[in-house]
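A.B. asks: Mind assembling these two chains? They're in different frames, but the hints should get you there.
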Amino acid sequence: MKKLLLLVVATVLVFTLAGCKPEEKTLVIFQNKVEIDDVLRDYAEAWGLENDVIVDVKTCGGDTCAYGTQILAEFQADEQPDIFVIEGMGGFLDYEDKILDLTGETWTSNTDLEFIVEGVTYGFPVAVEGWGMAYNVDILDDAGVDPDDLTSQAAYLAAFEDIQDYYDTDTAMAEYAVVSMAAASGMTWVTGLHSFNGYLSAGLGYSDSTVIDKLNNGQVDTDRLATYVDWVELLFTWGDDDILLTGTYDDQVGKFADGEAAFLHQGNWTDSSYADSDFEMGYAPHAVMLTGNDSIFIGAPSFYVINKDSDSIDDAKLFLDDLAATSEGHDYMVNKAHMVPAFNSVTLTPSTPLSAAVMEWNQSGKAYAWWQNDMPSGFGMDTLGPIYELYAKGVKGDAAGLTKTEFIAQLTAEIEDLG
Amino acid sequence: MEKALKRLRKIGKKVLYALLTAVIIIILPFILIIRIIEKLINRDILKFDSKKERGPIGSFIINNWLGETYKAQNNRVFVYFLMPALGTFLLFVGLPFIQGIYFSMTDWTGLNDPQFIGLENYVTIFKDYAFGYSFFRTALYSIMNIVVINIVAFSLALLVTQKLKLKNIYRAGFFLPNLIGGLVLGYIWQFIYNRALVQFGGMFDPSILVSGDTALIGLIIVVTWQYAGYIMMIYIAAIQNIPQDLVEASKIDGANAWQRLRTITLPLVAQAFTVAMFLTLVTSFKQFDTVTSLTQGGPATQLPLWIGSIYQKTLMPIVQSTDLVAINIYDEAFVNRNMGIGQAKAILFFIVLLFVALIQVYYNKRKEVEL
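Heads up: the sequence lines are chains A and B, in that order. Going by our numbering, the letters in the first sequence line up with residues 1 to 419, in that order. Going by our numbering, the letters in the second sequence line up with residues 1 to 371, in that order.
Here chain B stands alone, though its shape is the one from the complex (with noise of 0.2 Å):
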């Protein structure tokens, strides 16, 4: 009797999901089309509202939004159409989100109910060095990428779009590490750091996998090789659209090729580096499958001095140097099984990441020129 209560306590609860999606997705903008249907066949359409006094802010809502005047009408019709949109996206982003910051404030391990513990998950992270640590490495590995990807991408786009013979395989060969997943790649390159590069000795004996800078470098020059190719064909549709006309002009000022390109070039794909720039932020930020393949996190190093003052440690602890903010995310939530301290590092991590990006965005707008 009791599981038959609980089966059917379970198909309950999957039958108010789908209806509930289906009453927002389908079945509002269903009715919402009778009821103009009505209207059109009763004519009603402009029929007006009486106009009784209700001060400024009341009639204000009754013209505009809930009477019967033409305008209120045409607004509550703007807010039907666009019901299915915004009803898909508060049910698939938006709860989610606002789940996700409730859970942030719980001590959910993913099997128990989740207590209401406060802030309290937000003061462990606080005192997390290895977070703290990630979050650096997460820092300097992103500025080194961004800076190496774009200028690694817009040096083919620039070479690309020159007149050479078979550009379009270089194009198409510079972009086809794209096509490779991530985690392939890294167990790729992995082979090759470890056992093939390490034969030529040098600065490749041992591996530069085995220590934690070089193994940061290594990971960029992956992502890069990965990476640049896709970004390399945002310059190029950028580059394309210069007008010629303004090329040969400076040609017939005598402009050489360094000039043309300070004045010309890249005041007009500005916008291009606006985008390309925000692709790689994001992303290099959020890198999680290559580093899990290529370096599993580590290799372990200690804690530098300047970070363990900071959280007054005396013994530097051991810490992973390439384990990104991402992968200590993951680690916490799915290993330690802290999902609640994984989810309060995730928010802070998106606060973090909401911030950079809208500053480089805005940095990167105000350098846009419009023809």
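If we strip away everything but chain A, and leave its shape as in the complex, we get (with noise of 0.2 Å):
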């Protein structure tokens, strides 16, 4: 009998063990860009044949996959990816335990965009990546507006004025809209995070944090608050009524990519969108300030930061090496990827026309800075982004809304609540 248990016990250990097999020599990517899966699969799978590496290169981004979700899933599960993304100080906070020291890594002196904090670097810049009013050059053409005037909130209310009444002439164009926004649930970024960004960094030094340390400290610029809301209400009252109540992303940039908006609130990510789109577009700067706005919003959105705990940290030091600097590499990022690489060593210009307008103000030095990601993580999503959806409402008539009083008082309310 005993016999008998011995070998039922040797049995299960046997088949216990044999799931443990030595793995072979691996690198897995988690990314969180959808776009550029397919890309990045095949630079990873290239790359890899030359270095004798499997590369795994797993995706989750969009509105399908929560990325922040899934990576703590991974990372929960024990399936710890070698390289992963983090979005800014909140990504970092969240993984701080988990990132490896990449200070002094040959790229770091091709970019000025790499993740630090105190001193140390942490991330690989992803893309460099922008948002400002997209506006469609030929719609600003017919109804007499010049783009470089656009710095004011009185220039944008002329611009605007003109172009509905450009509108007003053919009834073909009865549907066209002004502007293109999105402020409903599911688009909260735009408002809580891209617009709200012009609060913290409009009109200040690239690395300028007085408002946002004010913000994190519980404390409101009354007068910059005031100024940034005319410009909201200016955006909404502006803004097609159903893409702005009801519009997803894609009703968002499809009314733009059809030709059918003059203006749009998005960055050079939508580059994607406009393959059949035949007109020209640029980024004029978001109005925040009442006048002498000048500048865009470009920063790097996510880096690429490795697993501490990873078995394969030099592999995953050369890969990131070799995006840098192998013209390999650069092809990968500006002509497969279309991203606007971060790094000065590349001297290709991206096809897409607003990843190049970005590269154009980047390169002019006009660029105001990112720093809605510093906010605490979800605030400006799930705190502000509501916020601005009834103010939304409020702005278009309806009696549950907002009125712009109430709308800087909740604002103030919710930035006082994190002092």
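Treat the hints with care, since some could be wrong.
Using 16 Å as the maximum straight-line C-alpha spacing, the simulated EDC-like pairs for lysine to aspartate or glutamate come out as follows [unchecked claim]: (1) K14/B with D78/A; (2) K13/B with D78/A; (3) K313/B with D168/A; (4) K313/B with E406/A; (5) K14/B with E79/A; (6) K313/B with E416/A.
Worth flagging that the hints you see were computed from the coordinates, not collected in a lab.
C.D. replies: Right, dumping it as structure tokens:
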């Protein structure tokens, strides 16, 4: 009987241990940009063949997959990726214990946008992105608006009126929108993060963090907020009703891509939607301040970081190095993935319209910083976003919406709660 | 070296879990069978323990469980045979539940080392106005949803148990939406509400998903459309089980359709009502997928005054009007990274749901008629 028992235990053990056979040399990348999934996979495969590593690219992002949730699940399931993505300070604080120090890597000397905390480099900038008011050159020309004039709220108001007058001349353009902007739930990142970033950075130096620091201490810059709210009111007033109140990302960008909107409140990641668009486009600054707005918001949204507990740290470092240094890496970033690379060593220019525009603004040094990711996690999208949604309703005449005074009071109260 | 140790520990943990599972599920019954065979061969199954005086409790335990009496051996065998099922249940339901209660008392974020903080999380959620509002909206939604789904399902069931041509096709048709996943359904109906129905104007423009209360009704319409067919099947089965002699007798006595429904059909399908109400209650309270895709918890609305006053707010904060409890818990745990608080909310939710369901089943049971 004892022999029988022994046999059973032995069998079970053999099966269990068989499940833990030694692994091959692999590199797991877990990233959040759905649109570059295919090309990154191709690039990684080619790189892997050259360096004798099996690179496994996992992607989770967009509307259908919550990256933050999924990466947490991977960590908890002990399926830790070797390279993963953080989005600014919030992500860094969540994964601080897992992120490897990358100070002194070769690529760091080629960029100003690496992710640094207290002098230590942690993150490799995936790309440069930017947003402003994307405009349709054809409509602006026909309406007699010069995009170079769009630096003040008064100029925008005049431009919006001119464009509406132009639309009114032809019934075929009755459904055209002046501004394509979305504020409904699910689109709160456009309002709570991108729009609100204007309050945090417009008119300040690129590394000037006074307003965001005050915000994180629960202090409000009342005058600044009031001028910013004027700008939001202007946008909401001229925003297309349906898109503003119920629009999804596809609705918002689609309207602009079809040439039916003069302005779009989105960044250069929308480039993938313009394959069939036959008009020129460019970026104008957000008029967050009354006058003198001369830059668009540019930054690196996400960073590759290396898992400290990874078994293939050397391979991961080499992968990032090659991405920034080799011509294959540059070709992948610019021509395949249509990203604006963060590295000076890259000489290629993107072929897609809005990315090219961002690169131009960036090269002429006209950039306001990104501080929206330095707010506490969830504050922009989940706390501020719904307030914008209600204000949009108020602007569009819904009795359940907020008035301008209430809107300011709500924003103020939420910011003060952070203190 | 350190890495190798770490890896070893990782593997060790997995082996331990595998062994534990194997022991409980496979090996224990195996030992048991071997022991039974052994006993059979030795023919000592009916060997009795010598009867010493041990007092009433002691001898009860010996005679019934520990000793070698016939009864004690029998009882022990029952326990052995219970092991596979009980072990599986404990390992996959019991243990995680206890772990959950523990995590609800820690500051776990999913990545850190959880520290025990007592009932602090529970205090936090009682101060959380958004969670209070969530509960209120979920209760409101559930009540309306239960009523609407059951009325629609029962009416459909009555309809398709009449003498109709094509009644099987109708049954299949009403049941079909239940086969579509909730997420897909949400996106489809979002399009219908936001883009298609808006064209009719009137009450549909702006879209009913724009305002909080109408969005809740929109959600109920979608869920009813999806779930009524399923509940209908339960009612159909119950209606078909009604003995026809009762119906015939009542017809001969001159009862009209309404009287037959009220005095024969309704009492005799009360059992199905218990099941259907329970299912709709639980699914409404736990509603998640359809809301996620249909409204994403929105639209935003201001906290109603009476709830605000409970939480002593002067400026009513903004809340999400279809942010049902399941979604609120998910956001707390995975978006705000407060696993501990999220778990505490889940435990509270479990307790409330348990009580509501028990009360519902108790009252429904009393209405049932045994033939």
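A.B. asks: Honestly, which of those hints from before does the structure not fit?
C.D. replies: Number 3 only.
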